Amino acid sequence: MKKLFWQTFSLLLVASMILTACGTPAVTESPAATEAATEEVPTEAVATDAPAEASLSCGTDPVVLNAYFETGFDIPFKLAEEFTKQYPNVTWDIKQDQFTNLINSTPRLLSGDNPPDLLRLPTMVSFAKQGLLKNLDEYATVFGWNEWPVPQLAQNRVAEDGTRGSGSLYAMGLNYSLTGIFYNKDLAAQIGMTEPPKTLAEFDALLAKAKEAGLLPIMQWGSAKSGMGLAFPLQNLMAAYGPVDPINDWIFQKPNATIDTPSNLEAAKHLEKWIENGYFPPDINAIEYTDAAARFGKGEGVFTFNGDWQNAGYDTDMPGNVGFFLMPPVEAGDPPAAMSAPLTFGIAANAKNADCAAFFLNWVATNDTAREINVNIGGSNPGGPLGAIMPVVQEGSVTNETLAAGPVVGEAGTSMDFIANATSAIFAQGWTPELQKLVGGQQDAAGLLKAVQEEYLRQLTQ
Amino acid sequence: MPEISRSPATPATTSDNRSAASARPSRRVFQHRILRRESIIGWLFVLPALLMYAIFVLLPLLLSIQYSFFRWDGIGPMTWVGLRNYITVLEDPDLVATIFNAFRLVVFFSLIPVMLGLVVASIIHRVATGRLGAIARTVLFLPQVIPLVAAGIIWGWLLALPGLINQILNAIGLTSVTRAWLGDFDWALPAVGLIGVWVLLGFCTVLLLTGITKIDPALYESARIDGASWMTEFINITVPLLRQEIGVCLTVTVIAALAAFDIVYVSTAGGPGNSTAVPGIQIYILAFTEQRIGLASALAVMLMLLVLIVILPIQRLSREVMR
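Line by line, the protein sequences give chains A and B.
Count along the first sequence from 1, add 721, and you get the number used in this note's numbering.
Every letter in the second sequence is one number past the one before it in this note's numbering, and letter 166, counting from 1, is 158.
Covered stretches of chain A (in silico footprint by chain B; criterion: 3 or more residues with CB under 8 Å from a CB of chain B, positions within the stretch not fixed): (1) 937 to 948; (2) 997 to 1005; (3) 1149 to 1161.
Hints are computed from structural coordinates only; laboratory data are not their basis.
As the structure is a computational prediction, the values presented were derived from the model and not from experiment.
Even glycine gets a Cβ: it sits at the ideal position worked out from N, Cα and C.
Just chain B, same shape as in the assembly:
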């Protein structure tokens, strides 16, 4: 035991320093100096990661903001155009439509996975304990492991006119419902959304399930003694105590919806018409196919601001509840 109390070298040194410092006129100044030195050491530890973050995240972000004020083809000279690119984004109905499509995707990428995830998590928690629970968790989480591009391609096959989903519909006599889901103006976006539900449901379920296991079992027990049904437990105990996890789920999935690119690009590439075109696809086409780096950057910056506007209230709400 005495060895252990001696072993943390730093506190010992600090206390030695402190006692030495007490001899000096201003103890506070010295403490301040130590704190500063500690904070410098702390920064040094963070520095390598910070440097990487600055080079690969902050710098591109700043450059995008810079490009958004210019007309530039990526190679030749840049011409200052002020806010012209931002005005173009707002004036072009096709570009504005992509933002609306992104919000429609939020329903499929965020709301459905979170709501369904809550139900599934609480069912697994109540019914499927032990090995069954582990299997259920693994199966639900599996889509997270599959690359989104592969998921998009496979779902493209499943949703095609001769695909498995239409075969099943035919087999159960729903031939009138069958269609090329990803080529239909009304159904393409929900079909892309379905792929999102499949991918994100597992993530939400596992996160929420972890949250549920942290809830004091005594709460459920006393509720059950009072004769509470599963529904009452779910609404009055599970959901309120999971608000922070729900907040995280919503944050991650809303960003996935608003900044969607891979699933959409691989399954529909924005078609038919522009019915599944999202900002990510338009940024890609504007920047690389049309070589309009400035306009693409302006749309990207607006997308970033949009994500912040949507995410910040969610963050705030989930934190307020914690207090």
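Looking at chain A on its own, in the form it has when it is part of the complex:
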């Protein structure tokens, strides 16, 4: 048995050496070849697809759109259903997966033999750089997307140097979510809140009152399984203490961008104070996203930091009892800021029905029924061209408040992407463990920012 083991082991070792030796020259040669191939893809795509006006629809022949959606979010499924009603020649082959699994499987889906016509994109920079995503510039020209209000497309643009925010368009948003602070109206009345706070100091006073009244001030999630929800209040505090541009630069991986700035340190210290004051649930490190939403819906917590994608859930749990406001600024009168991101969908570089998929993306933002589905099921702003009709929302729904808050952020130009989206692993390897340590008293505000910045640089230079 022992002999057999060593024989096998040495065999493996020799074989691996041979394999490595064989592999090396071929592999080291390959960069040039692959680069050429990568460059070829977009060129070829432009050549064959140069979308002429006439071909930019789904035609009349039967089309089966190959799509990958995110499990647990109804909007794309409902939109697909409605699209088939309006364009019966288009049917769908929809596969779905959890968001975290999508992060892991997207590279293989895009580079596989049957690349999706339409897929939910968890991140996009590396895929755009690898030539796996279709460049949507041509479609933007034909459909007039470039004339839409600016912030909509910016987050989906990737420049040649790999920074986001400008450059070619690689994805479109099905809708544009907005984040802020949701509150339980009954509990807020108990602590004497008659209107949303106008400054951070007013908000602090409300939190203190809630604590005094024996209520949980803020319900938030923090388990590594769903990612650390304290990233929401932290980023809101960052935008309250300082300008949003440096935060966006960091998210978009602009050269020399850092998250470890003096104003961000103030924000992190403020969060630390909230933790020390016991404003969050004591078991936050074990609470998952769905648990936090459910517990808030059952009346645990006066406030919670979340996004408008949860509107329908809150409306169901506490009809007419949920309010929303944007994170107040430090100084009264300053504009509020918010994280806002498109529900990003892209088209594979080698997709068979790219034109039809692009037509669908345009239809989602411009068709009245689609916009209605988007607002009533998704709870988010459907975006689209300037002056597009905003669907009517049921009275008493918190969606009315989130939709009203959107333009405030839009006009002030203070919308940000999520600090959790800066790189594909910064949430799992940076923010989540470090914020959990902050809760557990194993990390301080300064150490948090330093550790995340180091992790960010490590991931970018890999």
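Fit chain B to the known structure of chain A by using the hints.
For chain B alone, coordinates are given in the frame of chain A:
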């Protein structure tokens, strides 16, 4: 009877061949040839399984070793980096910490189930014979039948702050002890370990119980005649004669601890902080979230070597005792 002696065709043919061979100059050469032919036939029987093993186990293993010398995102070009990935693993305190966490898990996944399994098995053997014994075995073995992911989810609920375990602690007046077990820096790893104990105790108990039943009852009888207590029997008869089974238990459970992924991923995903992060979780994140296939492969290869380093002495010890 005569029919039976004729029935095994192969030996008959072999003996015929042998007698024919005796006429030839070198009988040994011919025997050698037959042995070779038999061994070729043997290999042919093994071939399908071997092929599967090669494609699904050996090839991925070799590829992992190959990838570990490259920087590669899984799609684009590969760049040869030599031992750089291995050095990174050893230099990154977070990655080294995962290996230490894995060894802390060994206590819960291996030592406790094996020790507890020995005690439980010998109690069942002595006290619960017949139907009671069968029921006890079934109940203890049941966790093995439940998928680990389901076990992880259920234990996640039980160990949550509003969960059953804290409810029980509250009911018996231990409110000060209650906490979110899987979200506590000091208690998350032992809590994950507890899930491991629950899953692996049944496996060890059933394996050890089977071993005990093979021990000659005369040994116990003579010990009892000499007035030996249960403890003396346990230490002097049961444990020494079960060393081989203990070896198997340790091997399986130590591998389960060092290569743990599912229970940890489902119950804590490595948190809070990195207090329950084990190599399996980091390999998964590095390979699929960070797209650093080379570094992930290097960590995987090191994990494999680590498992071998730990398992081989256990195997050797349990075999030496048998001699």
